[in-house]
Amino acid sequence: MNKTYFKLFANCIIVKGASRATICDLQRNKFQLIPLSLIDFFDDKNLIDLEKIKKQITEDSIHILNEYMDLLIENEFIFECNLKESKLFPSLSMDFDYPSTISNAIIDYDKNSNHNFQKIIDEYLIPTNCRHIQFRFYDGIELNYLNDIIKIVNESFIKSIEIIVKYNKTIPLERLKEWVSENKKIKSVTLHSYSKNQIVQEENFGFGIIVAVKQEINDESHCGIVHHNYFNVLIESFTESQNHNTCLNRKLSIDKNGNIKNCPSMSQSFGNIKDTTLEVALNHKEFKKYWNITKDQIEVCKDCEFRHICTDCRAYIEEPENQYSKPLKCGYNPYTNKWEEWSVNPLKQKAIKHYVMQDLVKK
Amino acid sequence: MISVSILLIVFGTEEVFLNIPNTNSFISESIDENNSKPIVDFLNLKLNKPQINKFSDNNIGKLHQLELCKLINLKFPETLITTSLADLKKFVTVHKIVITKPIENPFSKHIVNGKDLHFFTSSKLITSNILKKYTSDRFQASLFQKYTEKKFEIRSFYLNETFKSMAIFSQQNEKTKIDYRNYDRERPNRIVPFLLPKSIEKKLIKLMKLLGLNCGSFDLIYSVNDEYVFLEVNPIGQFQWLSRNCNHNIERLIAETLTNGE
Ligand code: SF4
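Chains as they are written, first to last, in our numbering: chain H, 1 to 363; chain W, 1 to 262.
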């Protein structure tokens, strides 16, 4: 009657790939790789009936079972309960309900740009309820200029901003640190084209981090890299990925020339901020065309154990004419479980040429 | 106003178990200070608009809640309110482990030597060993409850008979065994969606009706004996944590209630 079972916590979710799986720990923001054989221990209600399994397996596989159980217990993926209790723990809802039309925006800027940031924020972001913005400055910029932007942000309900900016000698790092600490909505500042890779300031509860990188980020073609460092193991992105594209859903971008796009790296423009209103752009019949392309529909990705924690890229893909092909800048192969350098893969050379990325790749 | 001698005791011992009893003076003071009472009164009168509780509901006392639990047969921990060390010793002998917690609001404000002191009191354990160190016979009236061994804790957000619940596995983590507010950032307690049994929900609805509340956050314990033990209901409970961790979308529920689903 009071037999003990082990149940998987609802926020630890198994994602099966072609030859292994992950347990995505959406509460602790980590993932754990597991062999496919471990999944079979769970029944369709995510319960493990240890007694029953022990009876079924052979003597010499007991130690494997014990190892698996240790892993599950050590990471607190499972808990003990009886059958009656187990019914009180429903699975996590996979609904993604977001209170805004646009959830995140990218605004690009280089030395030839002349954006009116006040106008962009007031007319293109505030009306959509957008709370997160990334600013990318391909060239150096004065701190005063950044400060004018942050003032607009501070007075709005925008919650967080990320800044990517070229390192500029006229802004001493100490001054920058001070400035970032004063402005609490800054999530991160990335200084590109710096002399070395360095963490300038540690994060403070997810905000205020400053990193410097050697890499030169001089245009949008640097974006779209898929790497496990960029995986998001969060309820919000995991649920979003079930029915939406993890990069482009509810995204609005303004490229360095003021063109309104899904993503600055994409060629399609829905008009320029000089003469196109938000409404006109949003209502363009193709504006949302990528929003619902999920990883489950994308070739190769659909067999990948990382598909619900990985950020997609639809701007640079392996076969430019096939919108369901895999992100070009992913070097992972879910069939062999190997990560390889994407840029030297012979099968990708055609696409690299298509996007005129040869220079970028050589570096 | 609390006497200074009590405060000295609080400062003087490591095992602080005297909670500073405080009612909601903290809240009412701030209303007076802001002269916003006429506005609050006016808002409370707007009964034709959908509302989520009234400001005066913040004053619903914990002791009153426990009294009502008795009436509707909802289990709660054995409770003692006393000023006497002898009583407390007896209580601890019977129940072995006892906890003390603030009778009301855990936030309190006191003025000592002209300076403002703010306290936050969380739950503390008391055992007979701790009592041995304690010499004074009397103390400020405090609340003591039998410590309930638990399998997990339950936090449930309630709005107009809808429950959005979660289970908190605070037992796994020694640090947070007594009070889950002692967070562990690296390995936070597991918190997952939970469904209260209908029979318990029915009792809680009854309790809310008796209290005249349409919204609140319940704290319950699921004991090692598989019993649901009521701790308290907080009319101004925070729901964001619950909503986010369980993907309960309480924000939408609230918005729809306030706009009448329009
Ligand atoms: S194969 Fe697809 S899902 Fe897997 S890591 Fe690469 S881009 Fe992400």
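Watch out, some of these pointers could steer you wrong.
Restricting the straight-line Cα-Cα distance to at most 20 Å, the calculated cross-link-like pairs of lysine to aspartate or glutamate (EDC-like) are [as the list claims (entries may be wrong)]:
#, chain 1, residue 1, chain 2, residue 2
1, W, K151, H, D97
2, H, K84, W, E201
3, W, K151, H, E85
4, W, K202, H, E76
5, H, K87, W, E227
6, W, K164, H, E76
7, H, K84, W, E251
8, H, K3, W, E201
9, W, K150, H, E85
10, W, K150, H, D97
11, H, K159, W, D226
None of these hints come from the bench; they were simulated from the model.
Hints, verified against the model:
This hinted pair does not check out: K151(W) and D97(H) have alpha carbons roughly 32 Å apart, beyond 20 Å. Among the hinted pairs, K84(H) with E201(W) is consistent with the structure: their alpha-carbon atoms are about 17 Å apart, no more than 20 Å. With a C-alpha separation of about 11 Å, the suggested pairing of K151(W) with E85(H) holds against the 20 Å cut-off. Among the hinted pairs, K202(W) with E76(H) is inconsistent with the structure: their alpha-carbon atoms are about 32 Å apart, more than 20 Å.
For the hint linking K87(H) to E227(W), the alpha-carbon distance of about 16 Å falls within 20 Å, and the restraint holds. For the suggested pair K164(W) and E76(H), the alpha carbons sit about 23 Å apart, so the restraint of at most 20 Å is broken. A threshold of 20 Å between alpha carbons decides the hint, and for K84(H) with E251(W) the separation of about 30 Å lies outside it, so the pair is violated. Restraint check for K3(H) and E201(W): not satisfied, since their Cα atoms lie roughly 26 Å apart, outside the 20 Å limit.
Taken as a hint, the K150(W) and E85(H) pair is honoured in the structure, with Cα atoms around 14 Å apart against an allowance of 20 Å. Restraint check for K150(W) and D97(H): the C-alpha separation of about 34 Å exceeds 20 Å, so the hint is violated. As the CA atoms of K159(H) and D226(W) are separated by approximately 43 Å, the hinted pair breaks the 20 Å bound.
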